[in-house]
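Participant: Based on the hints, put chains B, C and D with the ligands in the right spot on chain A.
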Amino acid sequence: MGKLAYYPGCSLKGTSFEYEVSLLKILEALNIEIKEISDWNCCGASAAHSINHNLSIALPARNLAIAEKDGYDSVLAPCAACSSRLKNADYELKNDDVLKKKITNSLEMNYVPAGMSINNMLEFLIGEVGKDRIKSMVKKPLSGLKVASYYGCLLVRPPKIMQFDDAENPVTMDELVALTGAEPVDYSFKTECCGAINSLSKPDVVMALTGKVLYDIKKHGADLVVVACPLCHSNLDVRQREIERKYEEKIGLPVLFITELIGLSFGINPKDLAIDGHMVTADSVLRKIEELNNK
Amino acid sequence: MKTVINEQNRRSFSSQVESMLHDKLAKCYQCGKCSAGCPVNFEMDYTPNQIIKMTELGMEDAVLNSKTIWLCVSCNTCSTRCPKGFEVTGIMDVLREIAEKKGITSKAEKEIQMFHEVFLDNVKSNGRIFELELVGKYKLKTRHLFRDMFLAPKMLEKGKLKMQGEKISGLNQIAKIFKDFE
Amino acid sequence: MEDKDLKTAAKTTDKNSGDPRIIAFVCNWCTYNGADLAGTSRMKYSDNVRVIKLPCTGRIDPLFIIEAFKKGAKGVLVSGCHPGDCHYTSGNYHSRRKYATFRDLLGYLGVDLNRVEFSWISASEGNKWVAVINEFTDKIKSLSGNSTDIFTKK
Amino acid sequence: MARIGVFVCWCGSNIAGTVDVEKLREEAAKIPGVVSASDYKYMCSDPGQNSLRNVIKEQKLTGVVLAACSPHMHENTFRKAAVKEGLNPYFVEIANIREQVSWVHEDKERATAKAVDLMKMMVEKVKRDRPVEDVKVPLNKKALVIGGGISGIQAALDIANGGVEVILVEKEPSIGGRMIQLDETFPTLDCSSCIMTPKMVEVNQHPNIKLYTYSEVEDISGYIGNFKVKIKKKARSVVEKDCTGCGECWNACPMHKNVKSEFNLNLSERTAIYVPFPQAVPLIPVLDRSVCLHFKKGGKCQKCYDACGPKCINFDLQDEIIEETVGAIVASTGYDLMDTSMYGEYGYGKYKDVISGLQFERLLSASGPTEGVIKRPSDGKTPQTIVFVQCVGSRDPEKGVPYCSKVCCMYTAKHAKLFAHKVHGSQSYVFYIDIRSTSKGYEEFVRGTMEQDGAIYLRGRVSKIYEDGGKLIVKGADTLSGNQVEIAADMVVLATGVIPKKGSDKLAQMLGISYDKYGFYTESHPKLRPAESSTAGIFLAGMAQGPRDIPESVVSGSAAASKILGLFSKNEYEVEGTIANVNEATCVACFYCRRVCAYNAISKKEIKDRSGKVVKVVASVNPGLCTGCGACVNACFSKSIDVKGFMDDQIYAEIKALAI
Ligand SMILES: Cc1cc2nc3c(=O)[nH]c(=O)nc-3n(C[C@H](O)[C@H](O)[C@H](O)COP(=O)(O)OP(=O)(O)OC[C@H]3O[C@@H](n4cnc5c(N)ncnc54)[C@H](O)[C@@H]3O)c2cc1C
Ligand SMILES: Cc1cc2nc3c(=O)[nH]c(=O)nc-3n(C[C@H](O)[C@H](O)[C@H](O)COP(=O)(O)OP(=O)(O)OC[C@H]3O[C@@H](n4cnc5c(N)ncnc54)[C@H](O)[C@@H]3O)c2cc1C
Ligand code: SF4
Ligand code: SF4
Ligand code: SF4
Ligand code: SF4
Ligand code: SF4
Ligand code: SF4
Ligand code: SF4
Ligand code: SF4
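The listed protein sequences derive, respectively, from chains A, B, C and D. For what it's worth, the working numbering labels the leading residue of the first sequence as 2, then goes sequentially. For what it's worth, the working numbering labels the leading residue of the second sequence as -17, then goes sequentially. For what it's worth, the working numbering labels the leading residue of the third sequence as 4, then goes sequentially. For what it's worth, the working numbering labels the leading residue of the fourth sequence as 31, then goes sequentially.
By construction, these hints were calculated from the structure, which means they are not laboratory data. Hints may be right or wrong, so weigh each one.
[Claimed, not checked] Ranges between beta-carbon positions, derived for each pair: (1) A:N170 to D:K532: 23 to 29 Å; (2) D:I225 to B:Q(-2): 55 to 61 Å; (3) A:N111 to B:E164: 19 to 25 Å; (4) D:G42 to C:D141: 56 to 62 Å; (5) A:N170 to B:Q(-2): 36 to 42 Å; (6) D:T468 to B:D27: 33 to 39 Å.
Heads up, the beta-carbon is just placed ideally off N, CA and C, and yes, glycines get one too.
The following block holds chain A by itself, in its conformation from the complex (with noise of 0.2 Å):
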């Protein structure tokens, strides 16, 4: 393993900390070390390149610069969103010799495209980590606990320049599930689309398409559902309340990160997760947890 970067995004620092609290814990737990890119910025997540393609690419060039300089080779963007935009600005700057040159100069630092892998946690996890010590690790088996995983769009799309896993039936999340000892259930919407970004100016979209997950995942017996992306969490958990009240029929899942799952399986206390900072109480996951551990 080589020097290896971590790139937080905004929303690990802000509405999404449970997701950096447990991962911390967990590579604490592993013995990773990994560090902050110094003074990073905002990687302009879906609005740069809503409005703006070339500051989509020079946000996050300037984060992957700082790395390099640096001397990292390796980035864990464990927002979806992050690495989607990491990865899109080192594809377009290996592909696009003009706007590199324009994007370096106005940067005033060089980058070398395709020299840093950039990971999102579930690369990470199984690329850098591996499955071997993560397994090594499990000391609270959560078997009997049935976990749907939710990919959502960005960590496999578009396929040619996420290079992760199947962009239609992806199973790297669930293989990670498989490792803490719980059940992976399957079902239709695992890389349906969640709303993303527009969860806070089409609100009524982002329900009925969030619903739409939800309600698939409740019926094919899930007991909770985890995420890789905070984006994915907000609308997954965060909304859930007013998806319920909206279409009169509850679903009462619990949305956890895939790091929090991982933690509970490596026996760290649940409130060193940060588990109780979820919209949805995980208070039934635990319990089932519990029932199950005592049988």
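Facilitator: Frame of chain A; chains B, C and D with the ligands shown alone:
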């Protein structure tokens, strides 16, 4: 709807889009797979494949004022499944960017457009997103003061909304990036 | 062949640049027939061209082109069947691939590449033959006619 | 010393009006080696030809140049005349002063000058002509057909009925190919086995056809008229001549649960000893050693042997190699369907009720796994709503192939029609991008499916299929109404595209014929020689060349057969002598020539001394295969290979004749 094709306008618009997109409009053979899989198609006024054809025909006004380009959430479902490998998501980006540059404000979907603008302003002034400020400014601008606000107390309680934002130290660099590319 | 054979024969074309000699290497199946069609249709075109018939453009050797220039030609045309229509399965694919290398070689030998033209003319394209010959002749006429400049490009 | 005669033709005023024929004659007379120069009004007329013959005879000419019309008009006429005077036909050259001079130029002086040039070129060329003899290759009048689908069967029957012996090699246990898997066939809805089985039987009984099933071609060498073929006859473990096809063996076999039937595309099971389908030809079982308990469990089982009356099961039979010599070959190896599991969004392989078009044929077929009752593979229920998705894998350069598979529009219309006929009150929906129904009666057939049989056609592709409450939800577009639609279906049939049969590229390499990047064999000429491969003596038929339906497969089978019968109508195959020729003294055996030859015409030849020791290896041109294209000539750095009639020295002489 009837369209009289003006060859000159048609060419200049479609070639502008093609050059920004790095892809050819003629590649699309109008199979509609993009539209069929689009998660927000039910809200759109034109389907993605219609947007592509309309762009090819030079129907600039209709396209740039469409709801579709703002409703698209860039989920990439369309491009991933397109049998011709056409950059459907990309064309939505390009059309939004052209609309933005032309100062066209979407009538039906101005909130989405505004959200993107406020978001980038936030990045510009802080280098990072300060969510409370972002939400506040957005709400002020759209005057939807109360919508969504009921979530705020619980989010605060859970520690999800920070009262203080962070600013990065390289703000001058961010300013330069914005100056160079805005 | 003895050079004196030629001396006895009448000079047929002026040496000056206004009346350049153009040699066309064409395949027997497509372009030769295309040229015949121009004839049966009584189309008129520049009379500077002299046709040498080959079985296929695949038979053409870059040295033929060099030799043609050496013997005073001011322009050389190579023309065969359209790709996919070749009488021989892939003869013209070979030559098409070869043309890139050809051009490099000719360039290397210092031939002014403006003076070499490759085209695809089918048996039904009498009009294309006429157009290609006329345009190429005009182009050659517009280039300086000094035979040395064909080879003196750096 | 050359003695050349030049004959200038006036062609009435056609030439003489624009070219000064007398001047031309005078110039000809000045050229060294020209012993006679004359002009005449119409050289091609009888008196014209007679004068030509007279001069050849009287002047003992060694070469003739006619300044006349295009060689494509009268070259043959004059060559024939020359041959009558004992001259080699290739010693006649034509200067084309009509089509390429008098008809296209107006200035008489300049036209004459050009005519003089052309005439001089031909004089120099003819001086260097060498005699060319047409080559004759003896023919073994026996044909090999590889692949016993409808196209191969048609070819074999036509050839056999023409009185020629045929060897038909089929790699499966039975002939019949894909067609025998189909139910009823568009556009007339005849039952496939009703029209196919008689042909299969006829093949089996035809005195001129030798049938090798469960066999493959192992090796081929040689050339037109004389191909040496090695056929591997795989061991059936059944002594064919004794087997009566009674079926006692497969009824006795305990292995009937877990072996998927290839013929039924995994929709049913078969035994270890089996015939693929009841009407198999020949009706002789094959023992599949990869699953048979006798072989897997060390001789434990021999139930089939015990059950067999004539005791024709023999566990010790070995593969056999058979050698044959044939004069011509038909490659008719047919097609496979694409593997659509690459479409994660369609869930093929994941959802049991998402099936391929060929699987649907088996469900429709009375002899299929459900005896012709349409049943869902998942629960055996009869579907009420079926969604058909066209262009799956085809016209999809991203995931599949860019080409159109040509038959799926039609078979989908057929499927929807037959579904409507079989399940009353049912409904089918068809997603299409374009409908391609271009043969006789086809468009009417498709319209009938819509208008009479009530199938609803939606113009658009499907984006995703998923399961919900026992239904398959199909999310597609209808671009005509501009709507996105979702249909809850009981079953989905994918109109899967076609690709060449697996291994067809390897066979092509063995045969030395060219194939495209997908593996379809390429025609010698796509329009004018569609039945011929790039290699002389090897012909093509059926889907192996590209997507096509049964009528077209039959036509192509017949076309290949008629080409072969035509070839075999003579005792020898004549090749024009203008082919490549190697100078063995200078050849350095680099074989660059072999690499560029598209016709596989160049081979290695060993030159041995008297004691039989190899002293030299050189290139050798196979006259049966060489077309005289000349590609090899330029590849040869040692200038050791040349094409007769277009030799290097001739072309240089022509260029030199034009020197200014
Ligand atoms: C679902 C479906 C429905 C269809 N319905 C119709 C219809 O209704 N009407 C219609 O006109 N057409 C229909 N078609 C098309 C029709 O199936 C084909 O046109 C026809 O079968 C082609 O015949 P073929 O002989 O070229 O190939 P095949 O039928 O594929 O025969 C090739 C044979 O060669 C054998 N073979 C392959 N390789 C070798 C080898 N190396 N050595 C020895 N043997 C070999 C194979 O085993 C096979 O027996 C349909 C096609 C599909 C997929
Ligand atoms: C606009 C157009 C473009 C096309 N382009 C293409 C193309 O690009 N590629 C392609 O593959 N195909 C093309 N085709 C199709 C192509 O023209 C035909 O497939 C082909 O010409 C058919 O040849 P044929 O010999 O069957 O018929 P025809 O060409 O019609 O020949 C029939 C001959 O029979 C003669 N005849 C008729 N009746 C009698 C009689 N009673 N006694 C004696 N003689 C008779 C006629 O005078 C005629 O000479 C095109 C067709 C059209 C209309
Ligand atoms: S999926 Fe691709 S080809 Fe089909 S309509 Fe959309 S962009 Fe065009
Ligand atoms: S990227 Fe936009 S247009 Fe494409 S499917 Fe997603 S929302 Fe629809
Ligand atoms: S039992 Fe014997 S005779 Fe009957 S089919 Fe089987 S092998 Fe042939
Ligand atoms: S020996 Fe093999 S084929 Fe024969 S009955 Fe037993 S398992 Fe079946
Ligand atoms: S035949 Fe029809 S269904 Fe098949 S690939 Fe062509 S257009 Fe598509
Ligand atoms: S009639 Fe002609 S133009 Fe119309 S669909 Fe058929 S082939 Fe095409
Ligand atoms: S290229 Fe020339 S030297 Fe080489 S093998 Fe062929 S004929 Fe002989
Ligand atoms: S002339 Fe053409 S066909 Fe003959 S050997 Fe040479 S390359 Fe092959």
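Participant: That 19 to 25 Å hint for A:N111 and B:E164 (C-beta), does it hold up?
Facilitator: holds (23 Å)
Participant: Just to be sure I understand the hint, the distance between the Cβ atoms of D:T468 and B:D27 should be within 33 to 39 Å; is that true here?
Facilitator: For D:T468 and B:D27 the Cβ distance comes to about 37 Å; the hint holds.
Participant: In this structure, is the beta-carbon distance linking D:G42 and C:D141 contained in 56 to 62 Å?
Facilitator: violated (33 Å)
Participant: Take a look at whether the Cβ-Cβ distance between A:N170 and B:Q(-2) falls inside 36 to 42 Å.
Facilitator: holds (38 Å)
Participant: For the pair D:I225 and B:Q(-2), does the Cβ-Cβ distance stay inside 55 to 61 Å?
Facilitator: Holds, at about 59 Å.
Participant: If I claimed the Cβ atoms of A:N170 and D:K532 lie 23 to 29 Å apart, would that claim hold in this structure?
Facilitator: holds (25 Å)
Hint 4 from the list above is the single one not met by this structure.
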